[in-house]
Amino acid sequence: MADAIEKVSPLHALAEPGRFGDTSGEPGVGLSERLCDSLVQVQAWPDSISALKKAVKSVTGASIKPGNAVATKGDVVLMSTGPGRWLVEDETDDLEVRLRKAIGADIGAVTALTHARTVVSISGERCEWVLASGIALDFSADAFPVGTAKLSHHHEIGLTIHRTGDQAFDLYVVTSMVRSFWGWIARASAEVGYTVS
Amino acid sequence: MLLIHCPYCDETLPEPEFAYAGEAHIDRPADPQQLSDEEWRDFLFIRTNAKGPHYERWRHINGCARFFNAVRDTVSDKFLTTYKAGEARPDLAKLLEGQK
Ligand SMILES: [Zn+2]
Numbered sequence: 109m110a111d112a113i114e115k116v117s118p119l120h121a122l123a124e125p126g127r128f129g130d131t132s133g134e135p136g137v138g139l140s141e142r143l144c145d146s147l148v149q150v151q152a153w154p155d156s157i158s159a160l161k162k163a164v165k166s167v168t169g170a171s172i173k174p175g176n177a178v179a180t181k182g183d184v185v186l187m188s189t190g191p192g193r194w195l196v197e198d199e200t201d202d203l204e205v206r207l208r209k210a211i212g213a214d215i216g217a218v219t220a221l222t223h224a225r226t227v228v229s230i231s232g233e234r235c236e237w238v239l240a241s242g243i244a245l246d247f248s249a250d251a252f253p254v255g256t257a258k259l260s261h262h263h264e265i266g267l268t269i270h271r272t273g274d275q276a277f278d279l280y281v282v283t284s285m286v287r288s289f290w291g292w293i294a295r296a297s298a299e300v301g302y303t304v305s
Numbered sequence: 034m035l036l037i038h039c040p041y042c043d044e045t046l047p048e049p050e051f052a053y054a055g056e057a058h059i060d061r062p063a064d065p066q067q068l069s070d071e072e073w074r075d076f077l078f079i080r081t082n083a084k085g086p087h088y089e090r091w092r093h094i095n096g097c098a099r100f101f102n103a104v105r106d107t108v109s110d111k112f113l114t115t116y117k118a119g120e121a122r123p124d125l126a127k128l129l130e131g132q133k
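Chains A and B, in that order, give the protein sequences.
Start counting the first sequence at 109; every next residue gets the next number (our numbering).
Start counting the second sequence at 34; every next residue gets the next number (our numbering).
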């Protein structure tokens with residue numbers, strides 16, 4: 109049997125490590141790319157939300173939090189993306205299989221998105237400013253606290269945005285659009301200087 | 034920027050996250066075969082085209098993706114309220130009273 113398919117960066121030759129933009133001072137932000145090991149969407153029926161939450165807990169060991177609060181436990185991340193719908197991420201290669209076993213058609217739908225999303229991480233002192241220059245959300249910590257996730261978009265490119273720290277965000281970008289998105293975020297970061305790692 | 038409240042996300046978010054989806058509270062006829070051409074035309078095309086408060090559908094396309102309903106003033110572009118799909122039409126007199 110062939111080995112697992114090797115993951116290839118959709119940002120190949122675009123997101124090269126280095127220091128870019130304004131180099132006169134400390135870099136304002138750092139950008140990096142992350143490919144998920146497993147990213148799966150689960151969607152409950154209107155009357156099976158609690159059953160789906162139970163199933164997610166039994167598979168991942170993490171409990172879904174209310175609203176847009178993100179649950180993290182070990183390598184597991186659970187993010188709300190709509191009524192009865194969550195993104196589940198972990199660092200295994202069989203998350204989809206395990207969720208499918210636990211979530212039958214009577215409970216909901218399971219959709220593998222591992223290859224369909226690329227995570228662009230941005231961190232650093234000016235990250236709120238850079239994101240706010242192109243995404244129409246309030247990125248201040250009061251309106252967008254650490255440990256919450258929001259959905260939005262940059263032009264027609266849908267985004268799921270997880271604030272992972274005071275000065276750090278993970279942006280889950282549709283993989284087929286991520287080269288275009290990277291073009292924007294790199295240019296937006298140039299003004300404050302940025303590193304790519 | 035125009036802000037719209039999504040009743041599912043329970044957040045007030047920028048208009049570009051949303052898409053307009055036509056007049057609200059128009060039921061698809063249960064048995065289209067029984068309709069005359071004129072009745073079918075009315076269902077498909079004839080709308081109130083209100084000047085003022087208008088019941089209309091919106092979709093939080095770049096968010097939770099849900100359809101919901103709104104009452105928006107077509108003159109001022111002001112949203113009087115938004116509510117979940119399937120809920121009854123809110124009382125316009127009360128909404129207008131609340132605006133004062
Ligand atoms: Zn919404």
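Keep in mind the hints are simulated off the structure, nothing from the lab.
Keep in mind it's a predicted model, so treat the numbers as computed, not measured.
Built from N, CA and C at the ideal position, the CB exists for glycine as well.
Any given hint could be a false lead.
Claimed, not checked - Quick partial rundown of chain B residues pointing at chain A, CB under 10 Å, derived from the structure:
1. M34
2. H38
3. Y41
4. L46
5. Y88
6. I94
7. R99
8. D106
9. T107
Unchecked claim - Label-pair distances were calculated between CB atoms; the ranges are:
10. B:A118 with A:D214: 38 to 44 Å
11. B:H38 with A:A224: 48 to 54 Å
12. B:R80 with A:S117: 47 to 53 Å
Evaluated hints:
no.: 1; hint: M34; result: 6 Å, holds
no.: 2; hint: H38; result: 14 Å, violated
no.: 3; hint: Y41; result: 5 Å, holds
no.: 4; hint: L46; result: 8 Å, holds
no.: 5; hint: Y88; result: 22 Å, violated
no.: 6; hint: I94; result: 9 Å, holds
no.: 7; hint: R99; result: 6 Å, holds
no.: 8; hint: D106; result: 22 Å, violated
no.: 9; hint: T107; result: 23 Å, violated
no.: 10; hint: B:A118 with A:D214: 38 to 44 Å; result: 24 Å, violated
no.: 11; hint: B:H38 with A:A224: 48 to 54 Å; result: 30 Å, violated
no.: 12; hint: B:R80 with A:S117: 47 to 53 Å; result: 49 Å, holds
When the structure is compared with the earlier hints, violations turn up for hints 2, 5, 8, 9, 10, 11 and for no others.
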